[in-house]
Amino acid sequence: MARLIRTEKEVEGRFEEVWIVVEEDPLEQWPEGPLTVVGRPAPRKDAGERVRGEARYTADLRLPGMLQAAVLRSPHAHARVRRIDLAPALALPGVRAAIGPGEAHGLVDEAGFAGAPVAAVAADTFRQALVAVEAIDVEWEELEVVLDPDAAVERGLVTDEARRYERGDVEKALAGADVVVEATYRTQTVLHNSMETHQAICEWQGDTLHVFISTQYIWGIRQAVAETLDMPEDKVRVVCEFMGGGFGSKNSPDEYTFVAAELAKRTGRPVRCALTRREENTSAGNRNATIQRLRAGARRDGTIVALDGEFTNSVGWSGWNASTEGPMRMLYDCENVRTVTHGAKLNTPPMKAFRAPGFVEGTFGLECLLDELAARLDVDPLELRRRNYAGSNDGTPFSSKNLEECYRRAEPHWERRHEVHARSDATWKRGVGMASQIWYGGGGPPSYAWLRLGSDGRATVVTAMQDIGTGTRTAMAQIGAEELGLPLEHVEVVLGDSARGPYAAISAGSSTTPSMGPAVRAAAADAKRQVIEIAAQRYHLEERVLDVREGKVVSADGNLSEPVQDVVGLLEEAQILGKGARGPNPTGMSVLTFGVHVVEVAVDVETGEVRVERVAAIHDVGRIINPLGASSQVEGGVIQGIGHTLSEERLLDPETGRILTTSLDAYRMPTIADVPPEIICEFVDRPDEHLTNLGSKGLGEPPIVPVAAAIANAIRDATGADVHELPISREEMLRALREAEERAREKEKRGAPAAV
Amino acid sequence: MSELRLTVNGGEHVLDAPVGTSLAHVLRERLGLTGTKIACNEGHCGACTVQVDGVPRLSCITLAHTVEGEVTTIEGLREHPLVEAFVRADAVQCGYCTPGQVVSAAALVAANPEPTREEIRHAMAGNICRCGTYPKIEEAILSWQG
Amino acid sequence: MELLRPSSVEDLDGGVLLHGGTEVVPLLRDGLLDAERLVDVRGLVPRGVHDGVIGAGTTLAELEVEPAIPDALREACRLAASPQLRNMGSLAGNLLQATRCWYWRLDYPCRLHGGDRCQARDGEHREHAIFANDFCASAHPSDVAAALVALGARLRTNRRELAIEELYRLPDEGDRSTTTLEDGELLLGVEVPQVESSTYLKAMDRKLWSFPQVGVAAARVGGETRLALAGVAPIPWRIGGVEELDRATPLPRTEWKVPLAQALVRRALAALA
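Chains as they are written, first to last, in the working numbering: chain B, 1 to 756; chain G, 1 to 146; chain C, 1 to 273.
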């Protein structure tokens, strides 16, 4: 029965109270370990289409009569449009329509960052649209530009109230601690730079708006577009069959969708609005920079007695104040914790969720601080983490937590450090570092799936979800196949179209598999029940002795073994329809993912070059559906993490606030040459017994969380240098090495025997 | 407008296009060959890689009128054993860079059927994959002959 | 826009010269170059290595596997840009490439664009110059140029022969260009002397496909040791020895390049020995 509940819903570490209808989920979890299809490596079902270039991304769609839009963006970081004249643009060849501030949602007359959208043009070709946009005559009134986050917070220029948290008495605990370490960490602004830029094509057919969009959330787009344009939701159809990466930046429709919709309305033609790479770098969101002023107090025996953090997120002109303090609150068992998190409102481009927003940054600070504490206490870093193991989330039990098991599996990697040190020479210093990972990833209701089983014994999962490149199509097919007892090649997945399936969850917050998977299994179970009911009648057997295995309806005594198609074939061209819903999350429990990375680095102490030589990534995300796809997720997260740890940084002109790194020669993402020679992926692979009929959590984000801290800790192990800033450029590396040298000299001086 | 003659995947094409039009644009917009992706459109990412006489080039910064030689796009390499190798190795996540990866890899293995990891990294460094599929790409190229 | 393919150097008559296009095409698209006329010079510029002369149209990809050239040049080619760019880009184009300074690329009214200040000096300059950076702080991005300067290469154009160092000039108030090439002058060949030994070392912020943070070319030529650096001055920069780096004039955020350059120079000299 459907049940209406008021509950806390978490997406990307953000919580809100919502009403949801949940359906109870009576299915028992499968036994632990690899099953027939689930838990076995499977190449992606759509890999061939993607590899051969047959997959049609939004960027590849060509609708008849389609126009191209270009957007006029503010050259100023903060300015008001005093006057705007679209006429010069409209007079140019090929131009079909032009719109200004207020004429489409997102086009603004007060630009809060350089790159803010102001006006747009639709023309026959993109080149014509670009020329026309340049011809728009704007008179700007330049306003004060605020770029310094500390100054902004001091002046009360914030995106929202500071978020404060305290348990116990931090000041008292610090005063009583045997050892206190204090450090300030800074992380940089990082750009998503998905290979397919943000884009949408809008087409009106009667009063229905068709939106073809590169998105992580088909239903969120449908809802937001309908609400903004004041339309019934069923009059908005959203399609995204293949998408070229999002990483958190494609959760909402944004100006390009509304520009395309409005220009399509005005011209009566389909309109594409696609960001250029330059626009992607200036206007499509980012992982915001942070400043983290942290303190930790501990007893001599390694018990952490106090954690104190002041976090400032450089949110930018819009976005949200991500949970940079989250790891400090949740990772360790500590009675006294105090955090305050400021969100500085700056004249910089908007923050958008980026693969574990807040936790990536906060884990860098906290896990580096832990190693500085370990050094001061002369305690082994792994041992320090174990000594402060959190058994609950501040009193709330975990639905499952196997971090201890992750630590156990980390041991052989951690033990390598003696041998690694021994491979150091005069220039290349080698070391090993580790960092723990905590993040959400439990998903939640509502999510729905249908499953059609045809008379040929083949099934199709139908649900209007999206596959953002994580292998969702394959994982869902595996779940359906496992439950139905069909071979994987007999199960397809249709997704990517709000008109072709039920509501499906967002692909963000590592929630796709834990949200959608249980619904798919429930739909498959519903279909299987019907197969068995039909078979029982056809073969005059009791339902309870029947099962479907490897494509056959079988009886417990082995006397019956008939192909599924012989049973379903009775229906001729008709089909069985199963329907499934995602059940509720466990009440009164924290659903979180855990892991640990052990990283080996080599540092050239003369040139500041850092090489990541080996990464062991051990994760606890419940049941693994597809070990092959899961290892790809982990490798991808590690590599993206290496990018923001070593080479990626968005830079601004400090005077004007204009973005300087607008192209991919200046914004440097890892290439294949930056990949460590060895990345080892291990999964605890134990179903979370309290979480859904699958016991699976998400894996999209966890692997990126601990990377920076583990690398920084390995650098400290190798060289004694404390890096406090990301990226660890040669500049930062050489600074930290110099500082470590000076510190060593000081120590030597102090330790030197006095002259007699 | 200026006449343009191109040989693409063995087929001859004669069309008109303004001087300055990129090869990538012609492939995608005029010939409907959307397997070649444009991701940066300024020569930095490799998504648009095609072969001209077997040599990988960036079609987004190649002016179509300057092309001399036979163009091979992903559509001309669909039967290449590398495709199956990429599928097997899971060397594809979002897939947007993947056709360009295959085009670069195909040129590599044509010249050097058994490349070392080092040689793969040297030859593939111009194809950016934001999903970080690189270890699987390396594996696919190492095992391309099955 | 029209595209010309002159059949002889004498037919050159203005326009923007195009070879591999890796620099010219993006600059045209960004409006940093303006051309009514594009001149495809591939038919005019020799390609390949003949009798110690490298055709200026030889691609970097061809040179990175060319046994008949000194190590420093081969290595500089091998470490330059990306594989596809090396397949497309010519030796001449590489020598004539513009700075990567973001202010210049984004068309700020900087000194190289004829403006009256260097935005990088007061602004974001962490990748910029440590020598000769008073007027313009840009850093020269060509690995190959540094290698050829260290090797003491000579260039042949359709009008003259010159030492490679004479190709480059520091921009000043009166003339903002960084090369001495005249309108209609075309690089045709590069003559590289026989050297006893040579090497090129490059610091990048990715392992490959990056412009040099600092590149150091060193060559032993006729008993003399020659050093030239990329990424440290608006043009390829010759130094006499490692001690000359003590006289660098780094900006606040380019100080890190000095110890980096010192380390690489020491290593390069050690490699020659």
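Keep in mind the hints are simulated off the structure, nothing from the lab.
Among the hints, erroneous ones may be present.
If you only want the chain C side, here are some residues facing chain B, beta carbon under 8 Å, derived [claimed, not checked]:
| hint | residue |
| --- | --- |
| 1 | 106 |
| 2 | 109 |
| 3 | 205 |
| 4 | 210 |
Derived contacts from chain G toward chain B, CB cut-off under 8 Å, selection only [claimed, not checked]:
| hint | residue |
| --- | --- |
| 5 | 53 |
| 6 | 87 |
| 7 | 90 |
| 8 | 119 |
| 9 | 121 |
| 10 | 128 |
| 11 | 137 |
| 12 | 139 |
| 13 | 143 |
None of the values given here were measured: they were computed from a predicted structure.
Beta carbons are placed, not taken as given, at the ideal position from N, Cα and C, and that holds for glycine.
Tell me if residue 128(G) is really an interface residue toward chain B, meaning its C-beta lies closer than 8 Å to one of theirs.
OK, holds: residue 128(G) within 8 Å of chain B, min 6 Å.
Let's test the interface hint: is any C-beta of chain B closer than 8 Å to that of residue 87(G)?
4 Å, holds
Does the CB of residue 90(G) sit less than 8 Å away from some CB of chain B?
5 Å, holds
Closer than 8 Å between Cβ atoms is the bar; does residue 121(G) clear it against chain B? Give me holds or violated.
5 Å, holds
Tell me if residue 106(C) is really an interface residue toward chain B, meaning its C-beta lies closer than 8 Å to one of theirs.
Hint on residue 106(C): holds, closest Cβ of chain B at ~7 Å, below 8 Å.
Against chain B, is residue 119(G) within 8 Å by beta-carbon distance?
Not OK, violated: residue 119(G) not within 8 Å of chain B, min 11 Å.
Hint check, residue 139(G) versus chain B [nearest Cβ-Cβ separation less than 8 Å]:
10 Å, violated
With 8 Å as the cut and Cβ atoms as the points, is residue 205(C) at the interface with chain B?
5 Å, holds
If you take the shortest Cβ to Cβ gap from residue 109(C) to chain B, is it below 8 Å?
12 Å, violated
Residue 53(G) was flagged as interface toward chain B. Is the shortest Cβ-Cβ separation under 8 Å?
20 Å, violated
Restraint outcome when residue 143(G) is required to lie within 8 Å of chain B by C-beta distance
13 Å, violated
Just to be careful: measuring from the Cβ of residue 210(C) to every Cβ in chain B, is the smallest value less than 8 Å?
Holds - the Cβ of residue 210(C) comes within 8 Å of chain B, reaching about 7 Å at its closest.
Of the numbered hints given earlier, the model fails hints 2, 5, 8, 12 and 13; all others are met.
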